[in-house]
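Chemist: Those protein sequence lines, which keep their order, are chains B and H.
Mapping of the first sequence onto the numbering used here: residues 1 to 736, in sequence order.
Mapping of the second sequence onto the numbering used here: residues 1001 to 1388, in sequence order.
By construction, these hints were calculated from the structure, which means they are not laboratory data.
Computed from a predicted structure; not experimentally measured.
Think of the CB as a built atom: it goes at the ideal place given N, C-alpha and C, for glycine as much as any other residue.
It is possible that part of the hints are untrue.
Each computed SDA-like pair below joins lysine to any residue, with the alpha-carbon atoms no more than 20 Å apart [what the hints assert, rightly or not]:
hint : chain 1 : residue 1 : chain 2 : residue 2
1    : B       : Lys11     : H       : Glu1265
2    : B       : Lys11     : H       : Lys1121
3    : H       : Lys1121   : B       : Ala78
4    : H       : Lys1298   : B       : Glu14
Which chain H residues stay away from chain B? Per the calculated CB distances, all over 10 Å, these [stated by the list, open to error]:
hint : residue
5    : Arg1002
6    : Ala1015
7    : Gln1077
8    : Pro1098
9    : Glu1150
10   : Ser1218
11   : Glu1222
12   : Ser1238
13   : Gly1240
14   : Asn1254
15   : Gln1261
16   : Leu1272
17   : Pro1287
18   : Arg1293
19   : Arg1299
20   : Gly1354
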Amino acid sequence: MVDLSADADHKLTEERLALLSVLQELTVAALDLLNPCTPADDFLDRVAERLGCAVALWLQPDARGQVGLLGASGLSPASRQIPIPRLSPHPRQPGALWVDLPYPELASPGLVRWSVPIDDAGAPSSLLLMYFDREPHLPRQYRGMVERLGGVLRTALVHRQLFARTLDSERALQRERDFSSAVLDTARALVIVLDPEGRIVRFNRACQEVTGYSFEELRGEPFWKRLLPPDEAARVVTHFAVLASGRGFDQYESDWLTRKGERRLISWSSNVLRGESGAIEYVIATGIDITEHRRMQQERDQTFQREQQARARAEEQEGRSALLAEASGLLAGSLAPEDALRSVAALTVQRFADWCAVDLLDGGHSFQRIAEARSEALRDTVPSRMHCSLPDLDAAHGPGRVLRLGEAEFCPDGCAAMSLGCVRDAESLSEVVEFQSWISVPLLAREHALGALTLARMRGGGPYGPADLALAQELARRAAMALDNARLYQQAQLAIGLRDEFLSIASHELKTPVTSLQLSVQGLMRLGRTGALRTAPVASVTHSLEVIERQAKRMAKLVNTLLDVSRIHAGKLELEFEEVDLAALVRDVAARFTPELASTGTRLRVHAGTAMPGVWDRSRLDQIVTNLLSNAIKYGEGRPIEVRVEGDAEVARLEVRDQGIGIPAERHARIFRAFERAVSSRHYGGLGLGLHIVNQLVERLGGSVQVESEAGQGATFTVELPRQGPRAAAPAGLGP
Amino acid sequence: MRIQIGKSRSPDCAAAAREASHQALRGVDAPTFALVLCTDQYDAPGLASAIDAELGQLPWAGCCAAGVFVGTELLLQGLVIALFHGDDFLVGVGMGGPVSVHPRAAGRAAVAGAVARLPLKPPGFRRTLFVLPDALSGNSTEVVRGAQREAGAGIRWAGGGAGNTVPFVKSAQFVQGQAYEDQVVVIAFDAREPMGVGIQHGWSPYGPPSQVTKARGSTAVELDYERAFEVYRHTAESRGDALDTRGFPRFAMNHPLGIPQANGEFVIRDPLSVEPDGSVRFIAEVPDGSLVRVMQGKRTDLLDAAAIAATLAREATPGTLGGAVVFDCVSRYLVLGDGVRDELAAFQAALGEGVPLVGCLTLGEVGAMGGGVPQFHNKTAVVVALPG
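Please take these sequences and the hints and turn them into a complete structure.
Modeler: So this is what it looks like as structure tokens:
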């Protein structure tokens, strides 16, 4: 017997299991719909397979009534291309919308349609349409299942659309990112994006090219760790902290260190990106590699500076040359060197110094400040009374030292200006006038310092440099040369005058015996022509002959004197050394002067009792004693003369003292020079060469001659001679 | 539309082609198309060449199968040629592939090719598509979906997977005098009267349902969150059978999986093997998330199903029949053994004695069970009744 109840239960169970299975499978399959990339066609294929429908369609109208086909099963490709008409009012259901689908697959007679609305948030709703070949033999629950499936599809659709929008947004965002990345990568500027902690979030291609690092190598790294030189890190991190806190430093420069260790100078412009809460989320920095630009700029600046300096040097050099030229013109155009030096000093303070002084040595240890000039600037700066003391020759610095040593002194910058000795009157005390820089150079001519040129410049005029020192030295050299030339000229003029006077004297001296000689000779010749010579008294003839002889000797003596001077000056004076007793020689010479002493009434006392032998040239020693004694008689005005010979083992001393007219002190230096004389030739005859010859001969014999005299007080000449001849065993006869 | 069938048991390609074609052509004045079905012992290219030589310009297509039959005569080695003639139908043949790479695209290409070779469908003509995929190369379920996607609705579907018998390694598809592998052949008929298609299998569920909790194509990795083989083992245990992997093929042969349909039918999935990880590989796709049942089939149920399928086909075809084409799963033969002749007799009896019947033992079958869209089935019989 058949258990109908059991069969019914079994059938019901199987139906429900089938229902559950279909719903389960389609629900799982619907999960794929969440992915908008998965076509809905696959899901509708499953629906058609499991429900046994011939066609399954999923339609989606939009707000404008345009119907789209979300998915289909059972439509050929050709059918899918057929456009769907817009929604229109349903012909039989007022208020409802309807669309007449144009697909040939739906033209078969007997098709049964199930329509399942899939409500979603938007209106009108999408629709799931299932077409069966005939009325499906499905349990009634499938209506409910399909509606439930519609709910699943609604959820799936919402998520699918949401997911699609998400994907669209992501794609748009990705496109935006790609675009931004492309822009960033295309940009030649460096772009780096950092989080507030300084970690690298973005790093464009330009950054990669400059640094040699890829973005992936540096992603998430604090930028100062890999990209900054250690000496820059602290400063840049401080800047970044300020920037990341939203304050300032949006423009700055910093060095980046490349993978190869090269430093690149980057000019940065930074900004911050804030989130919705206002908090800073990113720091965006855009930079330009200005390494080459800066280097070129520096090179240009350096070149410009070099050009400027060269131009300045050229201008300075031109100024110096002009100054030198002008100074040379002043110096060369004047035979009064002091005046020229004053003009030069004035010129110098116009162009080269604020203060200039010229000090000239006067031969001994004294000097004279012949010029002091001040610039207008100095006068403006020191309007009150200013005075400069004369140099101290014992000073450690300054013009006194230059005068003393003949060496230049250069104070480039900041030396004590006190050495210049310039002070100005202040309220209570005198203040030193401060100069920034000064130069003091000697006036050197023929290795002799003639004086000093001192220049000083105030602060603001720029310190003197080596070129200025060279200019000062050149200026001093030219001044010294001009000064020396002027002095030589003066000396030459003086010598010419002396020479002319000497020639006049010599002519006179020579003419006097010649005249006497001519008269005597003419007298004798007249006697001879008249025949009276034979009858002339012998005494008369003898007298004439004695006159002739005396005048001839006098002429010979004059000529010998001139020859001696000539030999001395020509260095051809030959000495013959032998042992000579100075005392005996003095006695002999004194004896020879007996007639003259007698004729002038002069008493001579000779203190030469003790022999004083030495190695000397006898004739020249004789000449020394003769000249001194002759001078004493000549200028002694007949008063007593004393000659004394003394000495020790080394030196023999000859002293000739008269009590005549004497010699003023200022002429002591001149009386031993050639052609110089202490008295006028009008009153005292002679060539004026006696003392000059004495001096020259004494020097040849290794000794010295001194004079002590005052005008009207007589004169004492003292000759000291080494008894062993000239020192250093200098060969006799060699020149001075 | 009528068919005239020729057959040959000759193992020689030329002889078989000659014998079968001569029989088929005998008395037929204007043949339109030839459906060629053969067993796997032949050299496929050689056989194709021989048949082409015999049939001349006549379009023909077909495939290799585990066995062929004419009426109630099963040939485990042999060739059958069904010659279609009549003026009430049009035919076109297309091919697509490789199915191992793009199965869905292969199905679409084959349908598109076949339809493209058809003249414009005359008004009132109904279209039927025979789909013959290489069942050993790819996912035939996807091939059928591709074919359906291209063809649209309103089509009668039939067909079967080309291949040989155990161990299922060789396959051949024939089109235009050439033999191919890894392809799908689609034969499109536009006929004045519809071809009736019946599809039944006779398998029924038992035991509790199991959810496919993890699937990968034609492999069920997990059922009810367990390895698929474990579910099979539990099922066997519930029946008092101890099951291990060695004994699985024999057990599985009689216990396929059924995928429930809304109309109460089941789409059968035939297990092939247990994989090392305990998953179970099937002839066709197992849908993820579905509730599947282990099926069983009594001999009488299978025979009844064959009769029902033929009856459904017969009833869906108006008028007298010009013949019938049957795609019967090879595993039914493996289950029924010699009893398969009873199944063939059931087909013949339901269709009517004297109706020319030709068919083959296939690896999977194509048809729309209960109407609607076609699917790829296993352990199923598909009967196409040709309107005379």
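Chemist: If a hint holds in the structure, say so; if it does not, say that too.
Modeler: Tested hints:
1. Between Lys11 of chain B and Glu1265 of chain H, the direct Cα distance comes to roughly 12 Å. Compliance with the 20 Å bound is thereby established for this hinted pair.
2. The hinted pair formed by Lys11 of chain B and Lys1121 of chain H fails the criterion: a straight-line CA distance of about 43 Å is larger than 20 Å.
3. Annotation: proposed proximity of Lys1121 of chain H to Ala78 of chain B holds, straight-line Cα distance about 15 Å (limit 20 Å).
4. The straight-line distance between the Cα atoms of Lys1298 of chain H and Glu14 of chain B is roughly 19 Å, inside the 20 Å bound, and the hint therefore holds.
5. With a least CB separation of 26 Å from chain B, Arg1002 of chain H remains clear of the 10 Å interface cut-off, as annotated.
6. With a least CB separation of 43 Å from chain B, Ala1015 of chain H remains clear of the 10 Å interface cut-off, as annotated.
7. The beta carbon of Gln1077 of chain H sits about 36 Å from the closest Cβ of chain B, which is more than 10 Å, so the claim that it is off the interface holds.
8. For Pro1098 of chain H, the requirement that its beta carbon stay farther than 10 Å from each beta carbon of chain B is met, with the minimum near 21 Å.
9. Not every CB of chain B lies more than 10 Å from the CB of Glu1150 of chain H, the least distance being 7 Å, so the non-interface label is violated.
10. The beta carbon of Ser1218 of chain H is kept farther than 10 Å from every beta carbon of chain B, the shortest such distance being approximately 16 Å.
11. With a minimum CB-CB distance of about 13 Å to chain B, Glu1222 of chain H clears the 10 Å threshold, and the non-interface call stands.
12. Every C-beta of chain B lies more than 10 Å from that of Ser1238 of chain H, the closest at about 17 Å, which supports listing it as non-interface.
13. Annotated as non-interface, Gly1240 of chain H keeps its C-beta farther than 10 Å from every C-beta of chain B; the closest such distance is 22 Å.
14. Non-interface call for Asn1254 of chain H relative to chain B: holds, since the shortest CB-CB distance, roughly 20 Å, exceeds 10 Å.
15. With a closest Cβ-Cβ approach of about 6 Å to chain B, Gln1261 of chain H is found to fall inside the 10 Å limit, against its non-interface label.
16. No beta-carbon of chain B is positioned within 10 Å of the beta-carbon of Leu1272 of chain H; the least distance is around 22 Å.
17. Against the 10 Å criterion, Pro1287 of chain H falls within the reach of chain B, whose nearest CB is about 5 Å from its own CB.
18. With a closest Cβ-Cβ approach of about 7 Å to chain B, Arg1293 of chain H is found to fall inside the 10 Å limit, against its non-interface label.
19. With a least beta-carbon separation of about 22 Å from chain B, Arg1299 of chain H lies farther than 10 Å from that chain, consistent with its non-interface assignment.
20. The Cβ of Gly1354 of chain H lies farther than 10 Å from every Cβ of chain B, with a closest approach of about 30 Å, so its non-interface assignment holds.
When held up to the earlier numbered hints, the structure conflicts with 2, 9, 15, 17 and 18 and fits the remainder.
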